[in-house]
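Participant: Below are the chains, spelled out letter by letter.
Number of protein chains: 2
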Amino acid sequence: MLYSMLSKNKIKLINSLSLKKNRDEEKLFVAEGVKIVSELIDSNFELVSIFAHEDFFNANNIDNVIEKITVNESELKSISNLKTPNQVLAIVKLPAQELKMNDITNQFSIAFEDIQDPGNLGTIIRTADWFGIKNIICSNNSVNVYNPKVVQATMGAISRVNVFYTELDTFLKQSLEFGLKIYGTLLNGESIYNHNLTDKGIVLFGNESKGISSELQKYISNKISIPSALFNKTESLNVSMAMGIVCSEFFRKNL
Amino acid sequence: MLYSMLSKNKIKLINSLSLKKNRDEEKLFVAEGVKIVSELIDSNFELVSIFAHEDFFNANNIDNVIEKITVNESELKSISNLKTPNQVLAIVKLPAQELKMNDITNQFSIAFEDIQDPGNLGTIIRTADWFGIKNIICSNNSVNVYNPKVVQATMGAISRVNVFYTELDTFLKQSLEFGLKIYGTLLNGESIYNHNLTDKGIVLFGNESKGISSELQKYISNKISIPSALFNKTESLNVSMAMGIVCSEFFRKNL
Numbered sequence: 001m002l003y004s005m006l007s008k009n010k011i012k013l014i015n016s017l018s019l020k021k022n023r024d025e026e027k028l029f030v031a032e033g034v035k036i037v038s039e040l041i042d043s044n045f046e047l048v049s050i051f052a053h054e055d056f057f058n059a060n061n062i063d064n065v066i067e068k069i070t071v072n073e074s075e076l077k078s079i080s081n082l083k084t085p086n087q088v089l090a091i092v093k094l095p096a097q098e099l100k101m102n103d104i105t106n107q108f109s110i111a112f113e114d115i116q117d118p119g120n121l122g123t124i125i126r127t128a129d130w131f132g133i134k135n136i137i138c139s140n141n142s143v144n145v146y147n148p149k150v151v152q153a154t155m156g157a158i159s160r161v162n163v164f165y166t167e168l169d170t171f172l173k174q175s176l177e178f179g180l181k182i183y184g185t186l187l188n189g190e191s192i193y194n195h196n197l198t199d200k201g202i203v204l205f206g207n208e209s210k211g212i213s214s215e216l217q218k219y220i221s222n223k224i225s226i227p228s229a230l231f232n233k234t235e236s237l238n239v240s241m242a243m244g245i246v247c248s249e250f251f252r253k254n255l
Numbered sequence: 256m257l258y259s260m261l262s263k264n265k266i267k268l269i270n271s272l273s274l275k276k277n278r279d280e281e282k283l284f285v286a287e288g289v290k291i292v293s294e295l296i297d298s299n300f301e302l303v304s305i306f307a308h309e310d311f312f313n314a315n316n317i318d319n320v321i322e323k324i325t326v327n328e329s330e331l332k333s334i335s336n337l338k339t340p341n342q343v344l345a346i347v348k349l350p351a352q353e354l355k356m357n358d359i360t361n362q363f364s365i366a367f368e369d370i371q372d373p374g375n376l377g378t379i380i381r382t383a384d385w386f387g388i389k390n391i392i393c394s395n396n397s398v399n400v401y402n403p404k405v406v407q408a409t410m411g412a413i414s415r416v417n418v419f420y421t422e423l424d425t426f427l428k429q430s431l432e433f434g435l436k437i438y439g440t441l442l443n444g445e446s447i448y449n450h451n452l453t454d455k456g457i458v459l460f461g462n463e464s465k466g467i468s469s470e471l472q473k474y475i476s477n478k479i480s481i482p483s484a485l486f487n488k489t490e491s492l493n494v495s496m497a498m499g500i501v502c503s504e505f506f507r508k509n510l
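Residue numbers (my numbering), protein chains in the order written: chain A, 1 to 255; chain B, 256 to 510.
If you are wondering where the hints come from, they were derived from the structure by calculation, not from laboratory data. You may find that some hints are simply not true.
As the list claims (entries may be wrong) - Covered, in the sense of this in silico footprint (three residues per stretch, anywhere, with C-beta under 8 Å from a C-beta of chain A), are these stretches of chain B:
(1) 375 to 387
(2) 474 to 486
(3) 490 to 496
(4) 499 to 505
We put the beta carbon where it would ideally sit given N, CA and C, even for glycine.
Throw the hints in and build the complete structure from the sequences for me.
Facilitator: Here it is as structure tokens:
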């Protein structure tokens, strides 16, 4: 275990990891804050470096990290993406994730077409974790899960929920072949309160402004919708809110 | 109706309205984007000035606005709070809102103690609108509803949902005296899936990090909770997500 100082190269590396191409090249991402870093330490993720106040190192018994660097408040500020840095920042190895249909067929998963907002994806991961959903499948054009804003918004749930990127077209086709139901939230769908929601299958959600494309709508076997008190159907729910309400309904029907 | 040019004083006024003390002094707030401004035009809100592309004025028949100012893209950018300005910005009069117990006692309302995040409050207003909730009551220490980030996050629902600020202590006490149930989400509450949720009453939600204070917990007549697949009770849902899931459950039980 090496105790090193915060070098200019480290600062440069950390800042560079806010971009996906650099994360992919270095195979690293950044996580911040006591809660998230503590949960990553206790997970299967591999932590490369931890930059923290001395208090954090004293309070936590950390053996599985290559490098521990003590930083003061102003040093932490120089590497943090947060307005109010919170004691600790970690550099973490990108996990090798491979989507296997066997992991999907025996449970309930959610899929997103071109989700764009980092806060939405973070909230979705946090909520998926709450309801015991293990796998989230995103189209390749979706916001990247290791974007620092997504990582922060998960509040640590990123250590327990898998997020895969793939061609949804192929994935949904394959899921149907495996006998899974594909649920999709559409305006003309049946109320989730009445619809039979099973404990296996995929629920597909669309892009924040465009919804589910017609290319992917054709794979939907079960059209569902969230009832509203509004008559004006130009209104909509935020995609993460829709996900939470739909998943709560799946959860309650399979308790 | 006057057509005027965008003056330096106007730019200064608009920028100043991002602060609550200036909004209170001028009795004005700012709203942006085609959807939100269009819904405000169709509402009871009083619009003072509209700054927009010529296209917007051509497409919309606007009679009830004191001042219409045509702006080009770079002028709009100079007054916009958005990364990508969207055709139109309006200066709107702060409505005179008075909380009357008679408006509360015959329906279902939600209350928030010290909610801080503008995005959360905006999402809550949008979701309340979806489920037909007319009144939201916030503690005086909550984020202000006319904060530009809240206004934007409501996606126009601000034109249909009333948000009041008051001492929750007094308000909740009074609600109990009026025979209303006070529901509160607590870790040891009964599952919302099993609990009898009536179509009248108040659901109280706590601050993002601290939850409901012990001072206000004493007014809760019905302790409820959202079931989770997690055993680790240090995890939580985002407050707007909790609100959406709880309100969906109230809605389904009273359809």
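Participant: To test your reading of the hints: which numbers does this structure violate?
Facilitator: Hints that this structure does not satisfy do not exist here, as all of them hold.
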